[in-house]
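Undergrad: These are the residues of each chain, in order.
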Amino acid sequence: MEESMNLFLIFLSAFLVNNIILIRFIGLCPYFGVSRRLSTALGMGMAVVFVMVVSSWISWMVYHWALVPNGLVYLRTASFIVVIASLVQFLEMFLRRNFSHLYTALGIYLPLITTNCAILGVAFLNIDYGHSFIETTLFSIGTAFGFTLVISLIAALRERLDLAPIPESFKGNPIAFITASLMALAFLGFVGLFGLSI
Amino acid sequence: MMRYFINGILRENPVLVLMLGLCPVLAVSGSLRDALGMGVAAICVLFGSNLVISLIRKGVPPQLRIPIFIIVISTFVTIIDYTMQAYQPELYQMLGVFVPLIVVNCIILARAEAFASKHSVFASILDALGIGIGFILAIGAMGFFRELLGNGSVGGKIILGQSFHQNPVLFMVLPPGAFLVIAFLMAAMRKWRSQ
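So the protein sequences, as listed, match chains A and B.
Residue numbers for the first sequence, in our numbering: 65 to 262.
Residue numbers for the second sequence, in our numbering: 14 to 208.
A couple of the hints might just be wrong.
Rough simulated footprint, nothing fancy, chain B against chain A, three-plus residues with beta-carbon under 8 Å [unchecked claim]: (1) 137–149; (2) 188–200.
Listed next, with one range per pair, are the computed distances between beta-carbon atoms [claimed, not checked]: (3) A:E223 <-> B:Y95: 41 to 47 Å; (4) B:Q106 <-> A:H128: 19 to 25 Å; (5) B:N20 <-> A:G256: 42 to 48 Å; (6) A:L257 <-> B:A201: 45 to 51 Å; (7) B:F177 <-> A:L225: 31 to 37 Å.
No lab work stands behind these hints: they were computed from the structure.
Every residue, glycine too, gets a C-beta built ideally from N, C-alpha and C.
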């Protein structure tokens, strides 16, 4: 019971309280690049959930089973990025061959993810927090859901912002940042939920 | 030649105009000191990677260039990571995961791909310095405004009076403040460029 409560809190903390985009500021490029339409945002979100969980597993295994026993911890940065870049390539080929349906759905978003710092960031955070394998899984799922939630919310908002009368200098990205600021303020309200903190 | 240096500082500021490398700019600009620490770390990596990539640019097979660039960049990031951990442990603690994440900072790979792989060593160094200074200016401005309003101080020195320091605009040092300050900086930059 204690254990499952702990896992639930890890999930909730990653999902809402420490939201990866609004509170931690990791993975902002797709947030402002892809978040112009709701449908693309959802597609990107699905791809991120998938890749984030698999890449966290693999980098957890690389770190704990290959780097630590051999005293190669200083290769962490280089090995993680190589692992994630090749994983995305591999996943792309695997999906195209075996799950062509899913491949057409995720399509163009998969290669974009290689350059998404959220994926690498979560791999590092899992190591920094000393998460076990199960905790790593829940933390990654929570983070990816949080990413999808926020990226979809902002996309829906930006579809409306296009029609709003906005001062010339604030059109486009500046107003999107102000919207993000208000959303982050709202997300700060989750702090304290079940005694969780930033 | 000087054009390469000047260009990145204001007119093509990597953060405020090109919108690259936003994550560290928003995340570690809660105080001027953290912001400048991050800026210096990034300019060191950018300088090293631009230098090495322009040196080896003739021997790099075009199909393999991205993986090779990433390996070069991650080598410099690891060097900075460990140097900072040894000599500036306090700062390292504050910057946290954003030090290893310099490796995926879009500015650095973008300069490697768009500039260093096509230009001479000297031009690449100038480009790295110009872009790096532009990055430091942007992140430094963020740190300055957020610390001034959120803590009443600049670089740890209280300048807005004791009563403001005790009741500051706390919002500014929290995550929403970062989004707000960058929105205004970007709008100001756009206004200035359009004139």
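Undergrad: All hints are to be evaluated individually against the structure, with a verdict given for each.
TA: Hints, verified against the model:
1. 137–149: n = 8 at 8 Å, threshold three: holds.
2. 188–200: holds (count 3)
3. A:E223 <-> B:Y95: 41 to 47 Å: holds, 46 Å
4. B:Q106 <-> A:H128: 19 to 25 Å: holds, 23 Å
5. B:N20 <-> A:G256: 42 to 48 Å: holds, 47 Å
6. A:L257 <-> B:A201: 45 to 51 Å: Distance hint for L257 of chain A, A201 of chain B is violated at roughly 36 Å.
7. B:F177 <-> A:L225: 31 to 37 Å: Hint holds: Cβ distance 34 Å, inside 31 to 37 Å.
When held up to the earlier numbered hints, the structure conflicts with hint 6 and nothing else.
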